[in-house]
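Could you slot chain B onto chain A? The hints should help.
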Amino acid sequence: MSVDIKAFSGALTASTLSKLHAVAIGESAELPRMRVIASLPLLDANARPNLVKIAGDTNVPIRLRKVAIHSLGRLKDRPLDVIQRHALDSDVGIAAAAVKILGRVGNADSLSTLERVRSDSILKPRVAFAAALISHRFNLPGHELPSVKSATYLDLPRATLSVKARTTNAEEDATIRSTLAQHALALPTALATWDLECGKKRWALVLDKSLLSPWKPDQFATKKQYLGQLATRNHVTGTYAPGLAFLATGMGSGRLEVGMYRSSGQLIFGGEGHIEGEVFRFSMRATDLPGASATVLEGSYGPSGLDLKISSAVNRTRPALQPSLTKIS
Amino acid sequence: MALSLRNAAAKIGLSGNFSVIHDFFGCLTEPSGLSVMTQTDRVTSFRRVDMNMIRVGAEQFTFADLQEIDAAVQNTRNMYAQVSLAVGRVLHWQISNAEANGYDDIGSDDEASDLTDDWTVPNDALDIFLVLTYAGSTIGLSAVDGSCNKDAKGMDGSVVAIEGSANTTGFVLAHEAGHYLGLSHVNDGTNLMNPTVPNGGSLTSSQGSNMRDHCFVKA
Numbered sequence: 001m002s003v004d005i006k007a008f009s010g011a012l013t014a015s016t017l018s019k020l021h022a023v024a025i026g027e028s029a030e031l032p033r034m035r036v037i038a039s040l041p042l043l044d045a046n047a048r049p050n051l052v053k054i055a056g057d058t059n060v061p062i063r064l065r066k067v068a069i070h071s072l073g074r075l076k077d078r079p080l081d082v083i084q085r086h087a088l089d090s091d092v093g094i095a096a097a098a099v100k101i102l103g104r105v106g107n108a109d110s111l112s113t114l115e116r117v118r119s120d121s122i123l124k125p126r127v128a129f130a131a132a133l134i135s136h137r138f139n140l141p142g143h144e145l146p147s148v149k150s151a152t153y154l155d156l157p158r159a160t161l162s163v164k165a166r167t168t169n170a171e172e173d174a175t176i177r178s179t180l181a182q183h184a185l186a187l188p189t190a191l192a193t194w195d196l197e198c199g200k201k202r203w204a205l206v207l208d209k210s211l212l213s214p215w216k217p218d219q220f221a222t223k224k225q226y227l228g229q230l231a232t233r234n235h236v237t238g239t240y241a242p243g244l245a246f247l248a249t250g251m252g253s254g255r256l257e258v259g260m261y262r263s264s265g266q267l268i269f270g271g272e273g274h275i276e277g278e279v280f281r282f283s284m285r286a287t288d289l290p291g292a293s294a295t296v297l298e299g300s301y302g303p304s305g306l307d308l309k310i311s312s313a314v315n316r317t318r319p320a321l322q323p324s325l326t327k328i329s
Numbered sequence: 001m002a003l004s005l006r007n008a009a010a011k012i013g014l015s016g017n018f019s020v021i022h023d024f025f026g027c028l029t030e031p032s033g034l035s036v037m038t039q040t041d042r043v044t045s046f047r048r049v050d051m052n053m054i055r056v057g058a059e060q061f062t063f064a065d066l067q068e069i070d071a072a073v074q075n076t077r078n079m080y081a082q083v084s085l086a087v088g089r090v091l092h093w094q095i096s097n098a099e100a101n102g103y104d105d106i107g108s109d110d111e112a113s114d115l116t117d118d119w120t121v122p123n124d125a126l127d128i129f130l131v132l133t134y135a136g137s138t139i140g141l142s143a144v145d146g147s148c149n150k151d152a153k154g155m156d157g158s159v160v161a162i163e164g165s166a167n168t169t170g171f172v173l174a175h176e177a178g179h180y181l182g183l184s185h186v187n188d189g190t191n192l193m194n195p196t197v198p199n200g201g202s203l204t205s206s207q208g209s210n211m212r213d214h215c216f217v218k219a
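Residue numbers (the numbering used here), protein chains in the order written: chain A, 1 to 329; chain B, 1 to 219.
Hints were generated in silico from the structure; no laboratory data involved.
Careful: at least some of the hints might be erroneous.
To be verified - Using 20 angstroms as the maximum straight-line C-alpha spacing, the simulated PhoX-like pairs for lysine-lysine come out as follows:
#, chain 1, residue 1, chain 2, residue 2
1, A, LYS309, A, LYS201
2, B, LYS153, A, LYS201
3, A, LYS309, A, LYS164
4, B, LYS153, A, LYS200
5, A, LYS309, B, LYS11
6, A, LYS164, A, LYS223
7, A, LYS209, A, LYS223
8, A, LYS76, A, LYS53
Next up, chain A with everything else stripped away, as it sits in the complex (with noise of 0.2 angstroms):
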């Protein structure tokens, strides 16, 4: 469900974009403030200036800032900058809130700030999780994950799934990318993409085209790479969320582990690679954690494209480390 800011606002003259900005600085209450700011980056290309203040203005409640700071990370314009600084700042809320747009959207200068960010039981993995986002974009040495091997893993599934990939037309690929652009995520210039359907579920798998092409299977073996997201499709809106973050860390002698992770730096999938020739495969299982079902995902990628197997049980188990709820009066 989403707030009818179109209805509210007509068409986006600059009158009504003049009223919604008055929503956002808190001078109007015809909306709820949360929703308008969290969708000016989508509506004013010239909303920058005012999520800046009010990301910046200790007078602003915290979660209203905390979403000032999710939509400078989604302008095409974003100011690092600004949300570096907040990485800083003293509320735990609004730091973690920017350590989590920095790993999505940082540069390489964007490690020296995490480096400072401070040491906190809430804040740490976040941190490792982001300077490690950045380090795969960027192939940068240190901040490295803990390895895929380390993590437990799901028993094999009992029964299968079948998955049909294809690349997706012109039309997909168009939906795919306009609503991934409106997250805060730094997406390779040029993908990649498939569609994944398996049983009522969609994705779409979507790759750094660079690395495909061309095709140097030999470069997996050595780098640090972020290699693209596994996209959730929506099946009401029809509209992708960025998903599982797809790593790769080279091991030499055409080997590499390869995990896909959450956005909070859980490990879903995780295994190995291996260069065969000129045909990159995988093999990459569930982790133990609460909700998953024994999965394995298997593929390759090669001159003949992309091939993929899902084999899943056909429910998931809950685990034993399920979170205990606190229970107040």
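Just chain B, lined up with the frame of chain A:
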């Protein structure tokens, strides 16, 4: 038949001494304008759905947020009453900032889905995850005709953003819970299941029938 608060309370699992405000209505604060007679009548006469209200990043919620949650539940009760469906027992749960693992700060729909995947209240009530930050144009997300086996695959709860507006949050709660209970979007701008807020909050008898048939709805 005379209405009995005790009988109505027993229907939602309350016995012995209980607080009318906190246990029978499931309020976190002490809102004005609650009608014991109306709620007793609804719980006694209608089929009902129970709800778990789960505050994600609980330390960040202010008293005003709690008031907004209470108002949203009451708004939902009133909207569902038009199709003879009661919101019965409302239990409150919390996930701390540290435990939330970043999901107190929802950046996209897949994070909302992950939240419902990771956490489950082990009872037969609908899990409603309340978050203070939900970036983007989405204001709430839910499975459609959600499973009553909360260990099943897929999204198994609803996520609702606390918007700072009790009226808006009430619509979102009723809308997302409506999805879970089997309703899809409709084009009618006056209907609760129109995909945008504000809408008129109305429900048709056919939608009511669908909701009352959901496996989480009890006699």
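Now the hints, each set against the structure:
1. A:LYS309 / A:LYS201: Roughly 15 angstroms between the alpha carbons, so the hint for LYS309 (chain A) and LYS201 (chain A) holds.
2. B:LYS153 / A:LYS201: holds (11 angstroms)
3. A:LYS309 / A:LYS164: Holds - the C-alpha atoms of LYS164 (chain A) and LYS309 (chain A) are around 8 angstroms apart, at most 20 angstroms.
4. B:LYS153 / A:LYS200: holds (11 angstroms)
5. A:LYS309 / B:LYS11: Since the Cα atoms of LYS309 (chain A) and LYS11 (chain B) sit roughly 49 angstroms apart, the hinted pair is violated (cutoff 20 angstroms).
6. A:LYS164 / A:LYS223: violated (30 angstroms)
7. A:LYS209 / A:LYS223: Roughly 16 angstroms separates the two Cα atoms, so the pair holds.
8. A:LYS76 / A:LYS53: holds (17 angstroms)
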